[in-house]
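Chemist: Each chain is listed here by its residues.
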Amino acid sequence: MSDTLPYATRFGSNSGQSTSRRDGVAKVTGAATFAADNHPQGLLYAVYVPATIARGRVTHLDVAAAKAHPGVVEVMTPQNRPALAGDPDSKPFMFAFRFEALQDDTVRYANQPIALVLGETIEAATEGARLLNPQYQVMPPRVGLDAEAPYKVVVGNFGRPGETVHGDVAAGHAAAVQSVDVTYETPAQYHNAMETHAVVASWDGDQLTLDMPHQAIVMSRGVFGYYFGIPAENVLLRSPYLGGGFGSKSIANGPQVLAILAARMTGRPVKLMLRRDQMFGPVGHRGATRQRLRIGIDEAGHMTVLEHEALAATSTFDDFVENAANASQGLYAAGALRSAHEGVRIDIGTPGPMRAPGEASGSAALECAMDEMAERAGLDPLEFRLRNYAETEPGTGKPYSSKALRACYAQGAERFGWAGRPLKPRQMRDEQGMLVGWGMGTALFPAPMFAAQARATLRPDGSGLVETAAADMGQGAWTALAQIAADGLGLPLDKVEFRSGSSDLPDGGIAGGSGHTATAGTALHAAGVDAVRQLTAMAVSDPASPLFGAGNASIVARDGRLFVAEDASRSDSYADILARAGGQALVGTGSGGRAPEAAGRHAMYSHGAVFAEVKVDPDLFQIRVTRLVGAFAAGRIINPKLANSQLYGGMIWGISFALHEEARFDPRTGRIMNADFAGYHIPVNADVKGLEVITVHEDDPFVNALGIKGVGEIGITGTVGAIGNAIWHATGTRIRRFPIRIEDLLAHA
Amino acid sequence: MNLFDYTRPASVEAAIAAWVPGAAWLGGGTNLVDLMKTGAMQPGKLIDVTRLPGLDRIETLPDGSTRIGAMVRNADLAHDAGFARAFPMVAEALLSGASGQLRNAATVGGNLMQRTRCAYFADPHSACNRRTPGAGCDARGGDTGGMAVLGWSPACIATNPSDFCVALAALEATVEVQGTGGKREIAFADFHRLPGDTPEIETALQPGELILALRLPAEAAQFAANSRYLKLRERTSYAFALVSAAAALRLDGGRIVAARLALGAVAAKPWRVASAEALLVGQAPEPALFARAAAEAVAGAAPSGENAHKIELARRIAVRALTAAAQGTPDRMPALPASVFGEPAHV
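Going down the list, the protein sequences come from chains A and B.
Following my numbering, the numbering of the first sequence begins with 1 at its first residue and continues without gaps.
Following my numbering, the numbering of the second sequence begins with 1001 at its first residue and continues without gaps.
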């Protein structure tokens, strides 16, 4: 397995260039080694047995039959499961979820692991799992948002309050001359990265090596160290490539812990890769929501109140309530704002962070409700949003670190051709007679930073080595982070070796929350700057250097040389400086993060505006998104090609949310009946017809030293609402449940 | 998966001799292997028929009929220029199914034999009379949005998922089969069976009989100028039909002189109603006539769950397909075959 990749050669500054992704050729030619491509000597194959009931108890497993099958080596059940040092029902650290690792015979949701079968081949283990033929004591499952009484969420996900109020909500309602009070529903959705969860676990004494796709590579050492009672530094996790993550690969789950346990139990390396249907249960999902939005406006179309309440499903044994209502904080200048959450405990696996958790489902409902309010007020939806444009963060009054949303609206509308859109629905047809509708939505996503470290080494030959355990889920970390690192070192990209994706490197932080490039990039840049700073000190104090006596403040680094800024004729190469100093490599370090006081002074978000055109057959109601234009302001763009691709991807997930994705539960059994890609639809190429992204220039001096926000998740926000609104505009039918289906439109015909 | 035998006989006779109870013919495997992975099917023996000699040809017979070997791949048939010219509706149906990769692997004989996509059938942990006679039907009362609205029984509410078969039914294909008792022919209308009390008996094939070929009669090509297959689905491509319709007309002097109409995804077999077709014959093609015929085609339909919308959608797609057929077959295969969006092909 290689943890470095070659670069394409280019000259000049590296950031801002549309460098093609370095891992692209390796991936399309099969050279990239994903976790499950590893086959250490003596490998055993594990298959986990998923519960086929949603609630009850396992009363019998035919272990003898499974063990008798040729090639089956071991069967792990609650009876013989070795002890774990860390309790899977505890929550000892952030991002710790309770999970099922054969603690007992209880079934808490369908597809929960109830046994693990180990075989010499995948076929033997699979058949062994079938032969276990589980018997159950079944209890009636709780299915859907109305199965239990809701509870009030006091502390929500990521420590955010369950309820946030700014201003006088009652007064806001009283002051309203017009209002809407609407309820939207979103379904359970499952991450379904193309690469299903996989692990190859090998023990050597109390040293654990894991080949496992992971979004938080170094943090995961402590996680697995905790459960297996070994120091974090005894865990080596290698995750050079992920076939998608979507939030699901940041959290420890039962099947992978069992596979690691099985490797210790048998003394042999163990591989487990989830089947597609097994992705629907133990590895998180986006919980279903029901959201009530109440908006009031005054005579001038200014919002007097925006009240957003969200009910969301969580499991019976842990808390992750999709914090959808928070999407209404931070965006529109309402006189009063309230976001509140309730949870309902039903027999499902615990939800988790998935593709803009909270923001995506919250934005879907908010942006449609805004459209409904605009319609009632007789205002163009864009004009209504502009009237309620927030110059400072609503509620808190904090200034935005930067906010080019007005430019996003203007450029997006211009490119789309929004002007001249009829206010009323059912006004436009194409030459075939299809109904045509236009809708829009605002996109918003926070610009957080986490914590990361990096190391930058200047080698005696003047080339660089930069190291941080970043995670490339396909978004392009291998490429964009290397560009930033090369700029930090003042080297062209092809003179910098980038090591990443392994837990023995400095902590690259978590690839999540759309903050990876900002966080790991800041650390890498700082490390490079630190190395150049040391090099500069050496040069200006070396009488043999042309830079001698220049003073370090006047020195700039580029293309592997230090120059006097005012006099380019005075320069010295990295290699020469290091050679005269004894030929030793020079190591710089850096960290990325945001000081709490900086975070407190400004509201920091990426913004955008999405415009959608849909066509709908007037009789048959087949729906097609024919154009999507998204204009986004997300600070400094490191690699336009990769950033656009991420934004495209986000918008495509928006199509998916609006029209396709939904886990369908059998109401009697609580099992998901469409747990494969034939039944759980995501968009295909034909569903993505016209996609355009505009990135609006934005300089942000506050968000971090590099001015980087994030583009990973914002694309899904705004898009769902824009499509829902376009469908209303085409048909005159307002569907308040996602995904919007043919039969929903037929029912209103 | 379970252990099974695999054999690849060299001749049709050897294949038929290799058959034993519990064996399964293996064509493209695009459906069978999936079901073996879930455990819904556990054949003791796979007889690979993909390389049997003589079954991969598309030929015109002396009587003008077209004979398609059972092992012709879906993609090869749809892209055969002569075939697509004579039977554009069949080609369109083929190209609206699955994905390019699957169409390259799937065989036309296998298409006739594909199983319902009812999730309760594919899930070995659900009760299914079709999979296990007498076990019960968990689909009823479950996730029923896609289930049958015509011809279903209390024992089974599953649908046949094929697009290809809808067009074949409309054009009155014949199925050539061979078993230990020799060769025989089965009219397409008789090939797939409604569930009744025995949903496990899905086709007219006797145990051990192998499909050798399909035949489209010479007169089927007379519909080439006015025939369409249209399909509603939950995404633009790569999805099974919510409902579909194959409509074929022969027009002469402004009148319909022959008409065919079959509906897909509404029953356990392609749904063809002679009385609906009879309504059309002798009439001028016009919206009111198509509405009457479509209503006749779904006469007797009843929801088998939360799927009443399928009845109305089936009626509407029948009207649309008849309308499109009357307007004339497109000169080129649409870029989105069978889609109501019907974009012109890329040049």
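Bear in mind the hints are in silico, worked out from the structure with no lab data behind them.
Only a predicted model underlies this, so the values are computations on that prediction, with no experimental measurement involved.
Keep in mind that a hint or two might mislead.
[To be verified] List time: in silico BS3-like cross-link candidates among lysine-lysine, alpha-carbon distance up to 30 Å:
hint, chain 1, residue 1, chain 2, residue 2
1, A, Lys-424, A, Lys-152
2, A, Lys-67, B, Lys-1045
3, A, Lys-424, A, Lys-27
4, B, Lys-1045, A, Lys-27
5, A, Lys-91, A, Lys-152
6, A, Lys-67, B, Lys-1037
7, A, Lys-689, A, Lys-27
8, A, Lys-689, A, Lys-424
9, B, Lys-1183, B, Lys-1045
Chemist: Please go over all the hints and tell whether each is borne out by the structure.
Modeler: Here's how the hints hold up against the structure:
1. A/Lys-424 - A/Lys-152: violated (39 Å)
2. A/Lys-67 - B/Lys-1045: OK: A/Lys-67 and B/Lys-1045 at ~24 Å, within 30 Å.
3. A/Lys-424 - A/Lys-27: violated (48 Å)
4. B/Lys-1045 - A/Lys-27: violated (37 Å)
5. A/Lys-91 - A/Lys-152: holds (21 Å)
6. A/Lys-67 - B/Lys-1037: Status holds; Cα separation ~20 Å.
7. A/Lys-689 - A/Lys-27: OK: A/Lys-689 and A/Lys-27 at ~25 Å, within 30 Å.
8. A/Lys-689 - A/Lys-424: holds (25 Å)
9. B/Lys-1183 - B/Lys-1045: Holds: B/Lys-1183 and B/Lys-1045 sit about 23 Å apart, inside 30 Å.
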